[in-house]
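Undergrad: One-letter residues, chain by chain:
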Amino acid sequence: MRRESSEKMRKKIVSIALAGAMVLSLAACGGGDKAAESTTAQAAGETTTADAAAVKESKAAKQEASTAKSPDNDIVIALQADATHLDPHVSSNGVSNQITNEMYETLLTFDEDTNVVPLLAKEWSVSEDGKSYTFVLNEGIKFHDGEPFNAESVRAVYDRGLKDSSLTLQRTINAWEDVVVDSEYQVTIKLKEPNNTFINKITQFRIVSPKAMAMENASDYLAKNSAGTGPFVLSERVDGGYTKMVRNENYWQEGPSVDSLTFQVVPEDAARIAMLQTGEADVIFPVPTTDVSQIENDPSIIIDVAPATTYRYVTLNTEWALPDGRKPFADKRVRQAFNYAFDSEAYAKVVFNGYAKEPTSIFSDSIRFYAEQTPYKPDLEKAKALMKEAGFEDGFDVELIVDNTTIEQKGAVFVQQQLSQINVNVKVLPNESTANAEKTSAPLEDTTVQMWYVNWASGSYEADGSMRNILHGEKFPPEGYNTAFWNNEEFNQLLDDALKMTDDAQIAEAYAKAQAIAWEECPWIFLGNDNTINAYKTYVTGLQYKPGGTMVFRTVGLDHE
Amino acid sequence: MPNTQNEQVKTDTSFEENYIDENVSVKTNKTKEFIKKFMKRKTAVAAFFVMCFLLLMALFGPSLAPYAPEAYDYDNILAGPSASHLFGTDQYGRDIFSRILAGTPLTLGVSLSSVIVGAALGTVLGLLAGYYGGWIEMLVMRGADVLFSFPDILLAIAIVALLGPGIVNVFIAVAVFTVPSFARIMRSATLAVKGSLYVEVARSLGCKDGRILFVHIFPGTLQSLIVNFTMRIGSAIMAASSLSFLGFGANIADPEWGAMLSLGRSYLSTAPHMVYLPGLVIFITVLAFNLFGDGLRDTLDPKIK
Amino acid sequence: MGRYIARRLLETIPLMLIISIFVFMFIHLIPGDPARTLAGVEATPEEIEAIREEFGLNDPLLKQYADYMIGLFKGDMGRSLKSNIPVTELIWSRFQFTIQLVCAGLVWAPFLGIFIGVMCAIKRGTWVDLGGMFLAICGLSAPGFWLGLMGIQFFSVKMGMLPSAGLESWKSLVLPSLVMGTGIMATLARYSRSSMLETLREDYVRTARAKGQKESIVMFRHAFKNSLIQVVTILGLQIGGLLSGSVITENIFSIPGMGRLLVDSISFRDYPVIQGLLMIFALQYVLINLVVDVLYGVINPKIRLD
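Chains as they are written, first to last, in the working numbering: chain L, 1 to 561; chain Z, 1 to 305; chain F, 1 to 306.
In case anyone wonders, no lab produced these hints; they're calculated from the structure. Just so it is clear, CB atoms sit at the ideal spot from N, CA and C, and this is done for glycine as well. The reader is advised that the hints may include incorrect statements.
What the hints assert, rightly or not - Residues on chain F that point at chain Z, a partial pick, calculated with CB under 7 Å:
#	residue
1	18
2	19
3	25
4	29
5	141
6	142
7	145
8	149
9	241
10	243
11	266
12	274
13	281
14	282
15	288
Full structure from sequences and hints, please.
TA: Now the structure itself:
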């Protein structure tokens with residue numbers, strides 16, 4: 001059940017944090033750089049309100065002008081939620097990763113622009129057939145428990161994954177054939193078949209000390225002790241309360257200058273804002289969009305607005321039948337009408353206070369191989385005409401399930417209001433995420449899902465991960481989350497072919513086609529991407545970023561008294 | 001919420017003294033006298049009018065609302081109170097005043113109906129326990145003890161944990177949470193009446209148990225029932241809105257007061273009227289029921305005050 | 001005295017047994033197959049079977065209960081489904097926060113409550129009495145979550161005077177303690193007023209007055225001291241209210257106590273944790289009442305005889 005629950009959490013990922021960042025050679029990654037670079041620039045400029053841009057501009061000036069100093073050298077980060085577990089192979093949701101990534105590192109990692117860059121491995125190469133990847137490791141690195149880091153420790157993580165199928169580590173290694181130790185500092189990972197997502201997924205493969213993993217109750221040990229190579233060492237934790245770490249004095253590269261780092265769980269939005277204002281917290285994440293105006297004029301606070309990799313949508317169950325037997329969502333015209341009736345600009349404004357972007361494809365433009373589509377501009381006349389053509393002029397009653405968090409419900413009610421314009425009467429049914437996970441994992445013959453307000457982010461920022469689990473015809477629940485029960489042969493084939501390709505141009509072409517098909521077919525109402533907003537005191541230095549606005553504290557410092 | 005149980009405790013203990021001073025039967029001339037006495041308590045009378053107003057609001061409010069509760073206006077979101085929007089607007093630009101009006105039947109309905117059901121159950125159990133004694137009493141009182149050991153809304157939360165969230169389950173939870181206090185109070189009331197002369201007489205005349213219970217004993221326990229009933233409505237509103245606030249209650253799309261307040265807390269720093277005003281309405285409502293209950297008790301018990 | 005305590009302790013045992021049955025049955029009362037509920041819908045039949053095995057759901061109910069009780073005495077309440085941390089450990093790590101909150105509420109509220117109550121009784125019928133009692137009933141009627149949020153909005157957001165979350169310093173306890181204590185203050189004010197008024201009617205008070213003792217001495221030496229005994233009993237029951245008040249308070253002020261754990265666990269359907277928490281809450285409450293009863297017996301020896 002552990003696997004199941006983390007699987008659920010995965011859908012809720014707001015952003016995935018990864019191990020310590022190094023803005024190194026962009027060349028290391030290959031073809032995706034340009035796309036990534038331009039999208040960041042774009043995203044920052046195109047955010048639907050001018051506010052976002054203004055906020056960004058004022059950042060440097062503020063940092064210059066501010067004379068505020070931290071009273072101590074301990075950094076406190078107020079987060080909305082807590083990690084489910086500190087064993088990095090058990091938990092895998094966004095918050096868990098945010099916290100564990102300060103203690104555990106990976107062979108490769110992402111920079112701010114979704115490029116894969118070295119971390120524990122200093123270089124890597126791929127074989128001709130695309131089936132084996134060889135990594136050369138950095139030397140002289142020690143785990144928190146004193147064990148040396150080497151090729152054997154990489155192998156040991158793989159072994160742990162093989163032995164225990166309940167770990168979320170499974171998802172990273174399930175396409176692997178073997179891990180071969182070539183020498184003390186060289187390791188080769190062999191794949192069952194070529195897989196274009198491998199290099200992105202390796203950024204989720206967290207290295208833990210073999211000694212800790214060999215313990216009988218490794219997870220229990222790791223819940224209380226850290227055994228990674230990261231810049232911080234776990235010091236104390238109250239589950240659901242806070243997680244405190246101290247600086248790793250033996251860190252292998254340039255590390256943080258703060259004495260300690262505390263992640264404090266503060267679910268109440270207003271409380272997080274107040275904590276930042278009073279200086280109780282040095283960094284808060286996320287900043288609720290409605291509260292940005294509250295702090296943007298504070299001279300001691302800097303706000304960072306990052307394009308989110310999270311994509312929001314509503315699934316339309318194409319197999320769902322009305323009491324009279326008609327299947328409204330089986331008709332493409334109805335699905336398109338829904339998209340024409342939905343005003344994504346107003347959605348960004350009302351639900352995210354302007355801090356969101358209109359959708360231009362079926363996943364975020366910060367993901368590699370994104371291909372821009374023509375937006376469905378709101379057009380009520382056209383929507384009504386399509387509904388009439390499809391024989392649903394008078395609309396119908398439909399249920400929309402949604403998680404019961406404030407922001408999710410806010411969006412769902414907005415959808416309800418929009419669809420009322422074409423006589424569709426939406427009943428919003430908010431539930432705890434666990435209850436929704438039960439509903440949405442029911443197979444087609446048992447499903448009660450009509451519409452589902454949800455969001456998706458690929459933890460490893462790749463195109464396949466952004467589509468397969470939620471749109472591929474083989475990913476009907478309980479296999480995946482394709483609750484639209486949309487099965488398009490051509491789309492499926494494109495995804496399957498692209499996965500095995502090694503040529504970037506070919507991959508891009510296949511994914512572009514796939515996106516165009518889904519965009520035209522509308523298995524969902526396309527809602528948008530909201531920005532990730534972080535805020536921190538001007539005296540916080542050395543903060544780095546990951547894609548999707550995830551913070552990295554590897555070199556963090558405080559300008560203190 | 002630390003308050004809800006207090007009332008029960010208070011009535012529970014003060015009942016005995018109530019009782020000693022009072023005659024057993026409540027007759028019509030007494031009713032008149034009661035009304036006369038009650039009218040002297042100005043706060044209680046005021047509370048009574050507020051209560052009546054709330055009930056009228058529940059019945060007619062939704063149709064008197066200046067706006068449709070679902071009518072949105074994206075150009076006017078999170079606006080503070082003004083002449084056109086008395087209580088301001090919410091995150092979709094919906095009129096909060098209209099939504100509060102529309103939510104009155106929901107909020108009051110759930111609380112009233114759950115107290116009625118809980119009180120009925122508790123009364124019957126209490127009467128039976130007090131009258132028959134023995135294992136029935138043991139069972140009922142131990143049951144009440146167990147329920148009481150989950151203090152206050154914890155019991156309601158536990159029940160919702162069991163049944164899952166939702167307004168129907170809140171209704172059940174609040175009803176169950178109401179039962180033990182009535183069972184206890186009615187038991188002690190029954191015990192007191194049971195020994196009285198006219199019950200003895202009725203019994204010696206060969207009346208059936210059922211008749212003795214409901215014709216002779218029940219009316220004698222009526223006043224403690226009424227007092228507790230009024231007091232519990234306040235607790236029930238509080239418990240139900242607390243559950244909604246915690247996200248275990250009403251559908252957040254519905255204009256239930258606790259749920260409205262819960263949604264509003266995301267806007268605490270930018271649009272505090274979304275928290276202040278629904279909270280104020282809950283407060284005034286609970287206050288009215290409590291003041292009225294106080295007045296009732298004081299009128300029925302001339303000793304205190 | 002020893003016998004009295006022993007008797008009260010013995011009386012508690014059957015109650016605790018019934019509570020334990022109630023809490024034990026919790027998981028069986030959930031509609032549907034408990035193993036399936038615990039495993040989640042995605043679980044394979046093998047996984048469900050494993051759960052059945054792990055939780056001993058194949059055993060006869062009586063044996064399951066016995067195992068549960070043995071575990072309970074060993075301090076083993078299973079593991080959290082969400083975090084896989086032992087429930088006992090999880091609750092223990094949260095316990096201190098809730099206790100801090102309860103104490104923060106108890107530090108001022110009962111005293112202020114009793115003070116208001118006594119003043120109202122002394123100044124009976126005056127505006128002091130009216131004002132005090134109106135304040136008290138307002139305190140009873142104000143929803144804690146409302147008070148708490150207004151407190152955050154005013155003192156933290158607007159004035160920046162008090163912290164709004166966590167439990168770092170005494171300052172961060174101020175607002176939560178306000179929310180925790182309001183109800184108890186109100187109740188005690190009301191209660192001590194009526195109890196004081198009653199004692200004032202007692203013979204010994206009348207006698208004292210008749211003997212011409214000073215009014216202040218009559219009030220405090222005779223009336224106040226005696227009415228306090230009754231007030232103490234109510235205090236015990238009030239602590240139960242505080243425990244449940246912590247659920248709301250902890251959620252508003254982001255304090256990682258047992259109340260927030262309960263709400264989080266309910267959202268996650270983490271049944272072992274819910275079960276454990278209910279058990280602990282009930283246990284605490286019963287024990288507190290036991291202590292109060294014993295105290296009461298100490299203060300007022302008459303009660304021990306019945």
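Undergrad: Measuring from the C-beta of residue 288 of chain F to each C-beta in chain Z, is the shortest one below 7 Å?
TA: This hint is violated: residue 288 of chain F lies away from chain Z, its Cβ roughly 9 Å from the closest one there, beyond 7 Å.
Undergrad: Once the shortest beta carbon distance from residue 19 of chain F to chain Z is found, is it less than 7 Å?
TA: holds (5 Å)
Undergrad: With chain Z as the partner, please determine if residue 141 of chain F meets the hint condition of a C-beta pair closer than 7 Å.
TA: This hint holds: residue 141 of chain F lies near chain Z, its Cβ roughly 4 Å from the closest one there, short of 7 Å.
Undergrad: Tell me if the interface restraint on residue 282 of chain F is satisfied: Cβ within less than 7 Å of some Cβ in chain Z.
TA: holds (4 Å)
Undergrad: At a threshold of 7 Å, is the proposed contact between residue 149 of chain F and chain Z supported by beta-carbon distances?
TA: The hint holds - residue 149 of chain F has a Cβ within 7 Å of chain Z, the shortest such distance being about 5 Å.
Undergrad: Tell me if residue 18 of chain F is really an interface residue toward chain Z, meaning its C-beta lies closer than 7 Å to one of theirs.
TA: Given a least distance of 5 Å, the restraint on residue 18 of chain F holds.
Undergrad: Could you check if residue 241 of chain F really has its C-beta closer than 7 Å to a C-beta on chain Z?
TA: At 4 Å from the nearest chain Z Cβ, residue 241 of chain F passes the 7 Å test, so the hint holds.
Undergrad: Hold the hint about residue 281 of chain F up to the distance rule: shortest CB distance to chain Z must be less than 7 Å.
TA: holds (6 Å)
Undergrad: Would the hint on residue 142 of chain F be counted as holding, given a Cβ-Cβ threshold of 7 Å to chain Z?
TA: holds (5 Å)
Undergrad: Using the nearest Cβ pair, does residue 25 of chain F come within less than 7 Å of chain Z?
TA: Given a least distance of 10 Å, the restraint on residue 25 of chain F is violated.
Undergrad: Against chain Z, run the beta carbon of residue 243 of chain F and see if the smallest gap drops under 7 Å.
TA: holds (6 Å)
Undergrad: Quick check on residue 145 of chain F please, does its C-beta sit within 7 Å of some C-beta on chain Z?
TA: This hint holds: residue 145 of chain F lies near chain Z, its Cβ roughly 5 Å from the closest one there, short of 7 Å.
Violation of the numbered hints given earlier is confined to hints 3, 15; the remaining hints are satisfied by the structure.
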